[in-house]
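My request is simple: use the sequences and hints to build the entire structure.
Chains as they are written, first to last, in our numbering: chain A, 164 to 277; chain B, 739 to 848.
Please keep in mind that the hints were generated in silico from the structure rather than gathered at the bench.
Be a bit skeptical, because a hint or two may be false.
As the list claims (entries may be wrong) - For each label pair, taking beta carbons as the anchor points, the in silico distance ranges come out as:
hint, chain 1, residue 1, chain 2, residue 2, range
1, B, W847, A, T275, 30 to 36 Å
2, B, T758, A, Q217, 21 to 27 Å
3, A, K258, B, H794, 16 to 22 Å
4, A, G247, B, S745, 23 to 29 Å
5, B, R796, A, Y261, 44 to 50 Å
Quantities reported herein were computed from a predicted structural model and do not represent experimental measurements.
For each residue, glycine too, the CB sits at the ideal point set by N, CA and C.
Chain residues, written in single-letter form:
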Amino acid sequence: KAGVTQTPRYLIKTRGQQVTLSCSPISGHRSVSWYQQTPGQGLQFLFEYFSETQRNKGNFPGRFSGRQFSNSRSEMNVSTLELGDSALYLCASKKDSYVNSPLHFGNGTRLTVT
Amino acid sequence: KNEVEQSPQNLTAQEGEFITINCSYSVGISALHWLQQHPGGGIVSLFMLSSGKKKHGRLIATINIQEKHSSLHITASHPRDSAVYICAVLVGSTLGRLYFGRGTQLTVWP
Numbered sequence: 164k165a166g167v168t169q170t171p172r173y174l175i176k177t178r179g180q181q182v183t184l185s186c187s188p189i190s191g192h193r194s195v196s197w198y199q200q201t202p203g204q205g206l207q208f209l210f211e212y213f214s215e216t217q218r219n220k221g222n223f224p225g226r227f228s229g230r231q232f233s234n235s236r237s238e239m240n241v242s243t244l245e246l247g248d249s250a251l252y253l254c255a256s257k258k259d260s261y262v263n264s265p266l267h268f269g270n271g272t273r274l275t276v277t
Numbered sequence: 739k740n741e742v743e744q745s746p747q748n749l750t751a752q753e754g755e756f757i758t759i760n761c762s763y764s765v766g767i768s769a770l771h772w773l774q775q776h777p778g779g780g781i782v783s784l785f786m787l788s789s790g791k792k793k794h795g796r797l798i799a800t801i802n803i804q805e806k807h808s809s810l811h812i813t814a815s816h817p818r819d820s821a822v823y824i825c826a827v828l829v830g831s832t833l834g835r836l837y838f839g840r841g842t843q844l845t846v847w848p
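So this is what it looks like as structure tokens:
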């Protein structure tokens, strides 16, 4: 069974541009959550989706948005990129909404903003 | 103040030593995860706990809900255990909303 797949693995963008990152969960998983990891702040929760609905959002500005499609694949978008958006963006999937369901992480997309 | 505090921040050990990493949290939780992150970024979930103790190979994780504390132990450490270990707590009944500790960088020398 394929794991969580994130594309692209690396991305370089310029300040002011926008970027879209993709996450394909494990087949059959309906929950996808997104996280940002920076050296300064560590790992932080961005948002989570279940069955195409955003269920929760972290404390990030409106420039960060996401969506989930009917096949459970998810995308996150960052508009008007800032240097501080340079980070490793990770997504994780779960099979269902139960607390005890295992969480599976992708390998991340490393975004560099110049 | 961070909801999740981990200690130590850095840990160096000789191969074969017993390792303990501690995690304290200040909020009510549904579950606690111990995660492992290797260079390159990918994260693997080692354990998910809501009570008691779990063991997988040389790794043992314990949690004390009343004291809001968890520990990750590695017995007979090996250089391949070198990684960042991250404690994360799941708050409320949400699906995947985690609060993370800052991580413990473990280096095991042969």
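How the hints compare with the structure:
no.	hint	result
1	B:W847 - A:T275: 30 to 36 Å	holds, 32 Å
2	B:T758 - A:Q217: 21 to 27 Å	violated, 38 Å
3	A:K258 - B:H794: 16 to 22 Å	holds, 20 Å
4	A:G247 - B:S745: 23 to 29 Å	holds, 28 Å
5	B:R796 - A:Y261: 44 to 50 Å	violated, 28 Å
Checked against the numbered hints given earlier, this structure breaks hints 2 and 5; the rest are met.
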